[in-house]
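Trainee: Residue numbers (this note's numbering), protein chains in the order written: chain A, 877 to 970; chain B, -11 to 242.
Be aware that a few hints might be false.
To be verified - Cut-off 20 Å, straight-line C-alpha distance, at most; resulting in silico cross-link-like pairs (PhoX-like, lysine-lysine):
1) B:74 x B:177
2) B:109 x B:129
3) B:167 x A:884
4) A:884 x A:926
5) B:214 x B:-10
6) B:19 x B:227
7) B:19 x B:91
8) B:177 x A:948
9) B:109 x B:184
10) B:74 x B:128
11) A:926 x A:948
12) A:926 x A:947
13) A:908 x A:929
14) A:947 x B:91
15) A:935 x A:900
16) A:884 x B:171
17) B:138 x A:947
18) A:908 x B:236
To be verified - Sample of chain B residues facing chain A (criterion: CB under 10 Å; computed from the structure):
19) 39
20) 41
21) 42
22) 64
23) 65
24) 66
25) 67
26) 94
27) 120
28) 121
29) 134
30) 138
31) 164
32) 231
33) 239
34) 242
If you're looking for bench data, these hints aren't it; they were derived computationally from the structure.
Please read these numbers as outputs of a predicted model, since none were measured by experiment.
Every residue, glycine too, gets a C-beta built ideally from N, C-alpha and C.
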Amino acid sequence: MQSRSIYKIPNGKLLKIFLEYNEKTNLIYELKITGDFFAYPEEAIEIIEKELKNALLNKEILIKKIDSIVKKNQIEFIGLNPEGLTQGILMCLK
Amino acid sequence: MKEKWRLLITEKNSAYRNMAMDRAELVSISKGNTPPTVRFFTWKPRAISIGYFQSLEDEVNLDACKNLGVDYVRRITGGGAVFHDKELTYSIVIPESHSQVSKNIMESYGRICGAIIKGLKQLEIDSSYIPINDIIADGKKISGNAQTRKAKTVLQHGTILMDVDVEEMFSLLLVPNEKIRDKMISDVKQRVTSIKHILGKDISFNQIADAMRIGFEEEFNIELNKGILTDEEIELTNKFEKEFFSTKEWNHRR
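Make the full structure from the sequences, and use the hints.
Mentor: This is how it looks when you write it as structure tokens:
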């Protein structure tokens, strides 16, 4: 199933998510994180997209996973945060 | 004695070349081959630049761009889509280790925007920095800014609006929902201003560049000396223009 969402991060930027997922298992198949936010280093977004492949579409699991990728890769977000990113992804669920 | 930085005034270049120059300066300055650099420039043809993370096809009306002869390019900085028309665009490239630049990204935005604010003051325009990346005058946005850090070097570029045509801008940008296009246009008209709108007259690129030069000199307590791109930077500009910024692979990557 393919889906997309637009989510304005509170006090932040506009996040636009393109998600392809398995409806039966609720696992992420493909994720594209786009928007007018900032992330340092910029390549970090591609790491997050890659590492969230096959992740379960569940709030706690996604926040934990994104938090851990952010820490591991020393990512700094401006206008975006792991909770907002998770919210944007989950808004794609139909 | 004041520290000397380089000032480049490159004026009209294509979107691809402008973005390639910023990146070439970043490489050269990261290697210590050239001093911190401030550049003032414009865009010919007019162009849309989109933030690094934006989806080109989601943000830009590519057919309208083609019809109106407007180029489009993906920046290496985050942030939003910008229609570069009647404006002065600046860029500053400086090593992250420089004492005038904070390690803290938000603080450094404020500091660099401080130079623009001092420049606008020269034109008798009062303005202020509004995080994350805007400068406002008369309660409306007059400048948008975007920063990246690569190879321990800071690149920030931004626009200073000389005049703005919101209708034309929205004919080139896609909106999430066509039904709210008119509402968005009226909202943006209320949120965006320009030097011409505030002063009620046209100010030339050179006048604004002179004002901004003083702004940067005052904010950073430096002297800006007019210079040119080095041979290495010209070579890198040619390379980045050809291999990156003018390619479908780069511009359509998201």
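Trainee: Each hint should be assessed against the structure and marked as holding or not.
Mentor: Cross-check of the supplied hints:
Distance restraint check for residue 74 (chain B) and residue 177 (chain B): the Cα-Cα separation of roughly 16 Å lies within the 20 Å cut-off, and the hinted pair is therefore satisfied. Among the hinted pairs, residue 109 (chain B) with residue 129 (chain B) is consistent with the structure: their alpha-carbon atoms are about 15 Å apart, no more than 20 Å. A hinted pair counts as satisfied when its Cα atoms are at most 20 Å apart, and residue 167 (chain B) with residue 884 (chain A) qualifies at roughly 19 Å. Pair hint residue 884 (chain A) plus residue 926 (chain A) does not hold up; C-alpha atoms about 23 Å apart against a cutoff of 20 Å.
Under the criterion of a C-alpha separation no larger than 20 Å, the hint pairing residue 214 (chain B) with residue -10 (chain B) is consistent with the structure, at around 15 Å. Proposed proximity of residue 19 (chain B) and residue 227 (chain B) is supported: the alpha carbons are some 17 Å apart, at most 20 Å. About 19 Å separates the Cα atoms of residue 19 (chain B) and residue 91 (chain B), which keeps this hinted pair within 20 Å; it holds. At roughly 43 Å between alpha-carbon atoms, residue 177 (chain B) and residue 948 (chain A) are farther apart than 20 Å, so this suggested pair is violated.
Taken as a hint, the residue 109 (chain B) and residue 184 (chain B) pair is honoured in the structure, with Cα atoms around 14 Å apart against an allowance of 20 Å. A threshold of 20 Å between alpha carbons decides the hint, and for residue 74 (chain B) with residue 128 (chain B) the separation of about 17 Å falls inside it, so the pair holds. Proposed proximity of residue 926 (chain A) and residue 948 (chain A) is supported: the alpha carbons are some 14 Å apart, at most 20 Å. As the CA atoms of residue 926 (chain A) and residue 947 (chain A) are separated by approximately 16 Å, the hinted pair is consistent with the 20 Å bound.
With a C-alpha separation of about 11 Å, the suggested pairing of residue 908 (chain A) with residue 929 (chain A) holds against the 20 Å cut-off. At most 20 Å may separate the alpha-carbon atoms for a hinted pair to count; residue 947 (chain A) and residue 91 (chain B) meet this at roughly 18 Å. The suggested pairing of residue 935 (chain A) with residue 900 (chain A) holds, with an alpha-carbon distance near 17 Å, which does not exceed 20 Å. Of the supplied pair hints, the one linking residue 884 (chain A) and residue 171 (chain B) holds, its CA atoms being roughly 18 Å apart against a limit of 20 Å.
Between the alpha carbons of residue 138 (chain B) and residue 947 (chain A) the distance comes to roughly 19 Å, so the proposed pair stays at or under 20 Å and holds. Taken as a hint, the residue 908 (chain A) and residue 236 (chain B) pair is honoured in the structure, with Cα atoms around 18 Å apart against an allowance of 20 Å. This hint holds: residue 39 (chain B) has a C-beta 5 Å from the nearest C-beta of chain A, less than the 10 Å allowed. Checking residue 41 (chain B) against chain A: minimum C-beta separation of about 5 Å stays under 10 Å; hint holds.
Here the hint on residue 42 (chain B) is kept, as its CB sits about 6 Å from the closest CB of chain A, short of 10 Å. The interface hint given for residue 64 (chain B) holds, since its Cβ lies 7 Å from the closest Cβ of chain A, which is under the 10 Å cut-off. Given hint, residue 65 (chain B) at the interface with chain A, holds; its Cβ is 8 Å from that chain's nearest Cβ, closer than 10 Å. A distance limit of 10 Å between C-beta atoms decides the matter here; for residue 66 (chain B) the minimum to chain A is near 4 Å, and the interface restraint holds.
Hint status for residue 67 (chain B): holds, given a least beta-carbon distance of 6 Å to chain A, under 10 Å. Evaluation of the residue 94 (chain B) hint against chain A yields a held restraint, the C-beta minimum of about 7 Å falling below 10 Å. Taking 10 Å as the C-beta contact cut-off toward chain A, the hint placing residue 120 (chain B) at the interface holds, the least distance being around 5 Å. The beta carbon of residue 121 (chain B) comes within 8 Å of a beta carbon in chain A, closer than 10 Å, and the hint placing it at the interface holds.
Taken as an interface hint, residue 134 (chain B) checks out: its beta carbon lies about 7 Å from the nearest beta carbon of chain A, inside 10 Å. Contact between residue 138 (chain B) and chain A, as hinted, is supported at the beta carbon level, the nearest pair being about 7 Å apart and thus within 10 Å. With 10 Å as the threshold, the beta carbon of residue 164 (chain B) comes within range of chain A, its nearest partner Cβ sitting at about 6 Å, so the hint holds. A least Cβ separation of about 17 Å between residue 231 (chain B) and chain A goes past the 10 Å threshold, and the interface hint is therefore violated.
With 10 Å as the threshold, the beta carbon of residue 239 (chain B) stays out of range of chain A, its nearest partner Cβ sitting at about 14 Å, so the hint is violated. The criterion of a C-beta within 10 Å of any C-beta in chain A is met by residue 242 (chain B), whose closest approach is roughly 5 Å, and the hint holds.
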